[in-house]
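Read top to bottom, the protein sequences are chains A and B. All the letters of the first sequence, read from the start, carry residue numbers 1 to 742 under my numbering. All the letters of the second sequence, read from the start, carry residue numbers 1 to 162 under my numbering.
For the record, the hints were derived by calculation from the structure and aren't laboratory data. Do not take every clue at face value.
Simulated pairs of lysine to any residue, SDA-like, Cα-Cα distance not exceeding 20 angstroms [to be verified]:
(1) K199(A) <-> I89(B)
(2) K79(A) <-> I78(B)
(3) K166(A) <-> T148(A)
(4) K560(A) <-> L587(A)
(5) K381(A) <-> E424(A)
(6) K79(A) <-> I89(B)
(7) K189(A) <-> Q633(A)
(8) K98(A) <-> T148(A)
(9) K250(A) <-> A14(B)
(10) K52(B) <-> I89(B)
(11) K250(A) <-> P16(B)
(12) K737(A) <-> Q633(A)
(13) K2(B) <-> R270(A)
(14) K250(A) <-> D15(B)
(15) K295(A) <-> S237(A)
(16) K98(A) <-> I78(B)
Pulled from the structure, derived: some chain A residues nowhere near chain B, Cβ distances all over 10 angstroms [to be verified]:
(17) S411
(18) G414
(19) S441
The beta carbon of each residue, even a glycine, is placed where N, CA and C say it ideally should be.
If you want the building blocks of each chain, they are given just below.
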Amino acid sequence: MTSALVTRRSVLAGTGALVVSFSSISRALTQTLDTGQREKPPLPGSLKENPFLDSWIRIEADGRITIFTGKAELGQGIKTALLQVAAEQLDVPLASLKLITADTSQTANEGFTAGSHSMQDSGTAILHAAAQARAILVVEAAKRLGVTEETLKTKSGAVIAADGRKLGYGELVSENFLHLEAQPQSPLKDPASFTVMGKSTPRVDIPAKVTGGAAYVQDMRLPGMVHARVVRPPSYSASLTNVDTAGAEKLPGVIKILRDGNFLAVVAEREFQAIKAMRALSAAAQWAQKPSLPKQSELPATVMALPSQDTAIIDRRQEGIVAAKKLEATCTRPYQAHGSIGPSCAVAVWNEESMTIWTHTQGVYPDRQAIAQMLRLPPEKVRCIHVEGSGCYGHNGADDAAADAALIARSLPGRPVRVQWMREQEHAWEPFGPAMVTKVSAALDEAGDIADWDYAVWSNTHSTRPGGAGSLLAAQHMAEPFALPAPKPIPQPEGGGDRNAIPLYHLPSARVMHHFLPAMPVRVSALRSLGAYMNVFSIESFMDELAEAAGRDPVEFRLKHLDDVRARDVVMLASERFGWDSFQRRLGRGCGFAFARYKNLAAYCAIAAEVEVERETGRARLVRAVAAVDSGQTVNPDGVINQVEGAILQSASWTLYESVGFDDTRITSIDWSTYPILRFDAVPASVDVHIIDRPGQPFLGTGETGQGPAAAAIANAVANATGKRFRDLPLTRQRIKNVIGV
Amino acid sequence: MKLKVNGSEYEIDADPDTPLLYVLRNDLALNGAKFGCGLGQCGACTVMVDGKAIFSCLTPMLVVEGKEITTVEGLGSIDNPGPLQRAFIEEQAAQCGYCIAGMIMRAQALLQKNPDASDAEVRAALEPNLCRCGTHMRILRAVRRAADLMRTAAHGSERRAP
Ligand code: FES
Ligand code: FES
Chain A
1 MTSALVTRRS
11 VLAGTGALVV
21 SFSSISRALT
31 QTLDTGQREK
41 PPLPGSLKEN
51 PFLDSWIRIE
61 ADGRITIFTG
71 KAELGQGIKT
81 ALLQVAAEQL
91 DVPLASLKLI
101 TADTSQTANE
111 GFTAGSHSMQ
121 DSGTAILHAA
131 AQARAILVVE
141 AAKRLGVTEE
151 TLKTKSGAVI
161 AADGRKLGYG
171 ELVSENFLHL
181 EAQPQSPLKD
191 PASFTVMGKS
201 TPRVDIPAKV
211 TGGAAYVQDM
221 RLPGMVHARV
231 VRPPSYSASL
241 TNVDTAGAEK
251 LPGVIKILRD
261 GNFLAVVAER
271 EFQAIKAMRA
281 LSAAAQWAQK
291 PSLPKQSELP
301 ATVMALPSQD
311 TAIIDRRQEG
321 IVAAKKLEAT
331 CTRPYQAHGS
341 IGPSCAVAVW
351 NEESMTIWTH
361 TQGVYPDRQA
371 IAQMLRLPPE
381 KVRCIHVEGS
391 GCYGHNGADD
401 AAADAALIAR
411 SLPGRPVRVQ
421 WMREQEHAWE
431 PFGPAMVTKV
441 SAALDEAGDI
451 ADWDYAVWSN
461 THSTRPGGAG
471 SLLAAQHMAE
481 PFALPAPKPI
491 PQPEGGGDRN
501 AIPLYHLPSA
511 RVMHHFLPAM
521 PVRVSALRSL
531 GAYMNVFSIE
541 SFMDELAEAA
551 GRDPVEFRLK
561 HLDDVRARDV
571 VMLASERFGW
581 DSFQRRLGRG
591 CGFAFARYKN
601 LAAYCAIAAE
611 VEVERETGRA
621 RLVRAVAAVD
631 SGQTVNPDGV
641 INQVEGAILQ
651 SASWTLYESV
661 GFDDTRITSI
671 DWSTYPILRF
681 DAVPASVDVH
691 IIDRPGQPFL
701 GTGETGQGPA
711 AAAIANAVAN
721 ATGKRFRDLP
731 LTRQRIKNVI
741 GV
Chain B
1 MKLKVNGSEY
11 EIDADPDTPL
21 LYVLRNDLAL
31 NGAKFGCGLG
41 QCGACTVMVD
51 GKAIFSCLTP
61 MLVVEGKEIT
71 TVEGLGSIDN
81 PGPLQRAFIE
91 EQAAQCGYCI
101 AGMIMRAQAL
111 LQKNPDASDA
121 EVRAALEPNL
131 CRCGTHMRIL
141 RAVRRAADLM
151 RTAAHGSERR
161 AP
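Start from the sequences, fold in the hints, and give me the full structure.
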C-alpha cells in the first residue's frame, strides 16, 4: 500500500521534472553538433509536422504500448517494419506492441501512403520517437532508483539497474508522460546491437490473410449493414437523361434508389440483391454521350499535340561539343491500369450528423477533406479509418468508393452502407497511369563517352488525388458537381511525369525538358513510381543503344558514367550475381541490364534480366531476373525482397502486355480478358533479389524502385535476343512479331 | 436450401440463383473467398466443391446443394494452420494477400488429386488465378513446400500406423 502510494506520488511529481531532465539530455545531444546560436535543426521524418512523442507512442500504466502511424498497410508490409523499428528502439518484444494505422481520429496526419515514403516519413519518426521515449524512461528510472542513467539498461519493456532492480515501463509513466515535443537528435541504438531491425521478420498480417481472418474492408460486416452498388455512367462524357426506377424499386430487398445528377446508386438488404438491382437500373438508365476520346492508334501524336507547360528541369548544355556519333530515340507508353485484384470498397455510416468511413484510401486526411467538402460538412464531422483493401499500387478507386459510400450512407441515417465496385467499374473508372512520350538524343565523343544529352518528356499530371471534392467521381457526378482542381506538376526533386527524368549518370552537357500537359482526355493519376517507370525505361534503353554505338558492354558503359559509389555497388552486385560476363547469348535468348536510383533520392536498384523470345509468335517471356537493392538501413530484409520481387513481376506485366483500350467515347478494356496481365504460364523461372544493407544510414523507400529498371532490363534483353530495339510500350507479341516475324 | 460447408450443414435462406460466393461471405460470414471479378477471370473466389476447384462467383448456390464445399477456413485456422496455410506463412507468400485464399484452394484441389504434382503441373493448375502484386514466385514456392509437408505427413502417419 505504502509503496503504491509512493510510486503514484513520485510519478505525478515526475512529469514536470522529467521535461527538464529530458531537455537536458537533448541539450547534451545537440551540444556536440551545435556550438553557436544556430537554429534548431529540423526534426526527423514526420516528426517535423507532428512533433509530440505521444502522437507516435503511448505507454499505459499496465505496460501496454501502442504505436501510431499515419501511414497505411497496403500489402507492402509497413505494419511489420514499423513495429520492428519501435520494438528495437524501445527494447520491447515486437509481439507485445499494438499498432494503430491511419485514422483521422487517432493518428498523425502523414498525408498519403505513397511514393515509397513510409519508412522515410513514419519509420524515421517512430525510430526517433521510440529512442527518445526510451531515454525519457531511463531518466525517470534513474531518478526513482537514485542511480545515474549510465548505469541503467533497458530490456523487454523494463529499465534494469546494475544491482538487478527493475522498473517496468508501465510503472514509470504518468498521464501525458510522452506529451513532449521531440528533439532533433535521438540517442539511437548502435546498429551493431540490433536484434530486430535488419532481421527478416514474418509479416504480422499474413497469418490472418491465409486463414480467412477478417483482413480487408471488403470483409467488414457491421450490424444492420446494407449493400449498395453504383451505376456508373458508361463513359466520361455521359450524362443521365432519363431513368425509370420503378422496375428496380420493386426487386426483392431493394431499400433505396439514389439519384443525384449523374450519380445513380441502389441499396439493398443483401449484396446479390443490390447487384441484380444495379443491373436492372443500368438497363433502365438512358445516357447522352459524345465522342471525347482521342484515337488510340494515334495516342503518342495526340499526347505531343496537347498544349504544354515547358520547364527545363536541368539546363546545362555546353556549346561547341564535338560529337563522334549522334543517336536519338522516341519512346511511348500507353495508359496503364492499377488493376487491383479486389475492386474498390468502402463502408460508411451517417450517425448523429457525423460520417464515419472505413476505406482503403492511401490518405485518410486528404480523403476526409474531400469527402467533407462534397457533403458540405466541416472536416471534424467526417472520420476516415483505413482498413486494408487489395493492393492498390497508387491511386485506384479507393477514394472514389469511399465517397460513394459516404454519399449513399447520408441518405440512410444509422445504417452502415457497404459499397463494392464491380470489376468493369474498377477497370473503366480508376484513374490510369498517364500515357507518355519521351525523346532523347545524345552525342558520344571520340572515347565513346557521353558528351551531350538532350531529353524531353511529355506527360499529364501523375496525381489527381483528393484534397478537394472535385477529385472524387461521386462529387463530379452530383447534380451540383465539383470540378476537378486544375492539375499541377509535382515539383522536382521528386517530380511527377519528370520523376527520374534526370539520369544519375555523369553527363558533362545535359538538358532535360518537362512538357507538362494540363489537359486530360482520360482520367489519370498516380500509378506506382509515376513517371519513373517510363523515364527509366527510356533512359536505360537508350543507354544500351549508346553502349552499343560506343562498342562497349552495357554494364561497363554504365559504370563508366556512374560516380555514386552506392550506385556502382548495386550495378556490380547485380551483374556479378547474374553472371553477366559469362552469359551466352543465343538466338531467341538475350540478357539486359538497367539501373536507377528511385527519384534520384530513394533506393538504388540494378536489375539484370534474361528473356526468351519466340520467333514464330513474337512472344517475349522474362526467364530470370537478378536484382541488387540498396535501401539504406534495411528494416525487414525479407520484406524488401518481397517488394522488389513483386515490382519486377508487376513491371514485367506492364511492360509486356498492358495498355488501356478505348474507342472514341468509352474505355473498352473493362475486365481481365480485355486487359490481360501476367499469368502463371509466363512467370519467370527465378527472381533473385540481393540487398546491400547500410546499417545506421537513413531509410530509403523501396516499394517502387524496381518498376523502371525491370522494364528497361526486359526491353534491353528483348533487343539483345532479337537484334531489334522496341521503344513502344508494351512489348506485345504482335509488335515483336511484326518486326522479327518469319 | 441446405449447404455443406467445411464439414458443417447450414440452412440458407437466399435466392437460389445467388452465387455461392455471396452466400459464403455474407450468410456464413466466411472471409476466405473473395470477390475479384465475378466473371470467372481471376480466381479470387476459388473454393473446392467435391474436391474440385471452382469459381464461387459463377456458381449459383442451387447447383452445389448437398455437395461438399471447402473454403480456406476449412483447411485450418490461425492457431492451427493446415499444410498449405503453413507453407504460405513460412514462405511469406503474400503482399496484399487478396488473391491468396483463392490460390491456396486451387493448390489444395491439385495436391489432393496429385500429391506429386511437378512444377509445371502446379503452374498449369494455377493458371486461372491472377495475382496483381507479383507474388507468383513465392506462391509457387509455398505450393512446393506444402506438397513436401503433405508428403512427409502422409509418410509419417503410414509409419506410425503399424
Ligand atoms: S471473382 Fe470469381 S473468378 Fe474472379
Ligand atoms: S498478393 Fe496481392 S493480389 Fe496477390
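Now the hints, each set against the structure:
no. : hint                : result
1   : K199(A) <-> I89(B)  : 17 angstroms, holds
2   : K79(A) <-> I78(B)   : 18 angstroms, holds
3   : K166(A) <-> T148(A) : 14 angstroms, holds
4   : K560(A) <-> L587(A) : 29 angstroms, violated
5   : K381(A) <-> E424(A) : 33 angstroms, violated
6   : K79(A) <-> I89(B)   : 16 angstroms, holds
7   : K189(A) <-> Q633(A) : 13 angstroms, holds
8   : K98(A) <-> T148(A)  : 31 angstroms, violated
9   : K250(A) <-> A14(B)  : 17 angstroms, holds
10  : K52(B) <-> I89(B)   : 24 angstroms, violated
11  : K250(A) <-> P16(B)  : 19 angstroms, holds
12  : K737(A) <-> Q633(A) : 44 angstroms, violated
13  : K2(B) <-> R270(A)   : 19 angstroms, holds
14  : K250(A) <-> D15(B)  : 15 angstroms, holds
15  : K295(A) <-> S237(A) : 16 angstroms, holds
16  : K98(A) <-> I78(B)   : 18 angstroms, holds
17  : S411                : 22 angstroms, holds
18  : G414                : 20 angstroms, holds
19  : S441                : 34 angstroms, holds
When held up to the earlier numbered hints, the structure conflicts with 4, 5, 8, 10, 12 and fits the remainder.
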